[in-house]
Amino acid sequence: MKNNILIIGGGPAGLEASAQLQRMGYNVILIERSAKLGGHLAKWDRLFPDRVPADEVLGGLLRAAEGVKCFTDTDIRAINRLEKSYNVRLTNGITVLSDAVLVASGFDLFNAVRKEEYGYGIYNQVMTNADLEAYFKTGNDKRIENPKKIGFVHCVGSRDEKSGCRSCSKVCCATAVKQAIEIKQAFPQAEVFCFYMDLRLFGRHYEDLYLEAQKEYGVRFIRGRVAEVSENYDGTLLVKAEDTVASKPLKVTLDLLVLMSGMRPSASVKELGEHLGMMVEEDGYFSVRSGISAGQRSPQPGIFLAGAATGPKTLPETLADARAAAMEIERYLTEIFPDARNYKQLVKERW
Amino acid sequence: MVDFGFGLVPSSRINLDLFDKEKYEELAAMEPDVRICMACGSCTAVCTAGKFVPTSLREAIEAIKNANSEKALQMLESCQLCGKCSMVCPRGINTRHLILSITKVYSKK
Chain A
1 MKNNILIIGG GPAGLEASAQ LQRMGYNVIL IERSAKLGGH LAKWDRLFPD
51 RVPADEVLGG LLRAAEGVKC FTDTDIRAIN RLEKSYNVRL TNGITVLSDA
101 VLVASGFDLF NAVRKEEYGY GIYNQVMTNA DLEAYFKTGN DKRIENPKKI
151 GFVHCVGSRD EKSGCRSCSK VCCATAVKQA IEIKQAFPQA EVFCFYMDLR
201 LFGRHYEDLY LEAQKEYGVR FIRGRVAEVS ENYDGTLLVK AEDTVASKPL
251 KVTLDLLVLM SGMRPSASVK ELGEHLGMMV EEDGYFSVRS GISAGQRSPQ
301 PGIFLAGAAT GPKTLPETLA DARAAAMEIE RYLTEIFPDA RNYKQLVKER
351 W
Chain B
1 MVDFGFGLVP SSRINLDLFD KEKYEELAAM EPDVRICMAC GSCTAVCTAG
51 KFVPTSLREA IEAIKNANSE KALQMLESCQ LCGKCSMVCP RGINTRHLIL
101 SITKVYSKK
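Protein chains in written order, with the working numbering: chain A, 1 to 351; chain B, 1 to 109.
What the hints contain is simulated information worked out from the structure, not anything from laboratory work. Virtual Cβ for every residue (Gly too), placed ideally from N, Cα, C. Any given hint might turn out to be false.
Stated by the list, open to error - Far from chain B by the CB rule (all over 12 Å, computed), these chain A residues: (1) L62; (2) D75; (3) G121; (4) K149; (5) S163; (6) Q189; (7) A213; (8) K215; (9) L238; (10) V239; (11) K248; (12) T253; (13) E271; (14) P316; (15) R323; (16) R350.
Unchecked claim - Some chain B residues near chain A, calculated using beta-carbon distances under 7 Å: (17) D17; (18) I36; (19) E62; (20) N66; (21) K71; (22) L73; (23) Q74.
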């Protein structure tokens, strides 16, 4: 009989790893704390850089993971480390004896309310990237009624030490450029502005997306962080930034402002970390055995990590990470785990 | 009257609400490449005139987009159309052509 593997988190990383491990013949148990599988992907409309429908990608992941035992609305109540395995009690009353645990707890979007100067939750016409994505998906949002001037604010809750978010979230630049194009497609007469500090369009086809936004859609990119937003009497927004290329303060009146909320460690990290005895780094993400050569192995033998649990990642990076984690788990369960007599020694040498 | 030396200084702030969209679209129709400048500054770095008189295509494009076409014209006034900027532009903008078009569109009163 093949080993039990518990996967925590039913987003893209958890689904991909489930599918791979099931293919290898393992007995996979996937738990998801919310009511639905798919994580943030289930809430997104289209994906950068090629604007592939998110539903298609998620559909593929779900089909591949068919047959995996899934428990939604389920969390971990307690975990005990036995000799080699983990005894996991779930909130649904079930207990799982698992030989390997994969943590794919993902990320949360930065709560834009915390950047009060941008007025999210205060001014009606300020929304987030997730709100806009929901609008693209459903076509419903009272805030969007033929807007003439639209702004995108990059780095909301990223590269912002004061908000406790020092690092770059990696995905927002490309998302902003994608959404700028999509809003221009929806409202061709609108003027669209992107406020950025650096444009971090590092991936394949990302630069093409940037060029397309400039060339085909006339999106204006302004280097400078939005510093202040206020509401005019007519409900429009007065936005202030510095154009740091021109070295001059700048103001513009907008009908809609979209905040690119960055990636934050999942709120579940703290609890999970305590359960699993796993270290969290200063940035709030789980630490790994080696950031270069063992990015899917936690410092605890038998506990693996995949996806945004170890820092911001794009979707293809997350999926590749999940496949790599599946390989690492297979290696552990064939090379280290079965040898009961030398287990401790092998862990020392090979973990 | 004693002159205290106070006066009104015109705001140097960029006001994008004053941006002339129609005129810009007229330029962009003639010269779509005006949209793809990424403000790298290569043109300004090699500008022969720029060594002596403030001359910068990068700044001119920026000024147009920031509703200050007068400054844009000023920035191109001393251009001698030598074409060094077109050799270094990483996005392959036909800079000489663009400079002539900017002058044409924005010199019209």
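For each hint, the structure was consulted:
{"no.": "1", "hint": "L62", "in the structure": "holds, 40 Å"}
{"no.": "2", "hint": "D75", "in the structure": "holds, 47 Å"}
{"no.": "3", "hint": "G121", "in the structure": "holds, 25 Å"}
{"no.": "4", "hint": "K149", "in the structure": "violated, 8 Å"}
{"no.": "5", "hint": "S163", "in the structure": "holds, 27 Å"}
{"no.": "6", "hint": "Q189", "in the structure": "violated, 10 Å"}
{"no.": "7", "hint": "A213", "in the structure": "violated, 9 Å"}
{"no.": "8", "hint": "K215", "in the structure": "violated, 5 Å"}
{"no.": "9", "hint": "L238", "in the structure": "violated, 9 Å"}
{"no.": "10", "hint": "V239", "in the structure": "violated, 9 Å"}
{"no.": "11", "hint": "K248", "in the structure": "violated, 5 Å"}
{"no.": "12", "hint": "T253", "in the structure": "violated, 5 Å"}
{"no.": "13", "hint": "E271", "in the structure": "holds, 45 Å"}
{"no.": "14", "hint": "P316", "in the structure": "holds, 25 Å"}
{"no.": "15", "hint": "R323", "in the structure": "holds, 35 Å"}
{"no.": "16", "hint": "R350", "in the structure": "holds, 48 Å"}
{"no.": "17", "hint": "D17", "in the structure": "holds, 5 Å"}
{"no.": "18", "hint": "I36", "in the structure": "holds, 5 Å"}
{"no.": "19", "hint": "E62", "in the structure": "holds, 5 Å"}
{"no.": "20", "hint": "N66", "in the structure": "holds, 6 Å"}
{"no.": "21", "hint": "K71", "in the structure": "violated, 9 Å"}
{"no.": "22", "hint": "L73", "in the structure": "violated, 16 Å"}
{"no.": "23", "hint": "Q74", "in the structure": "violated, 14 Å"}
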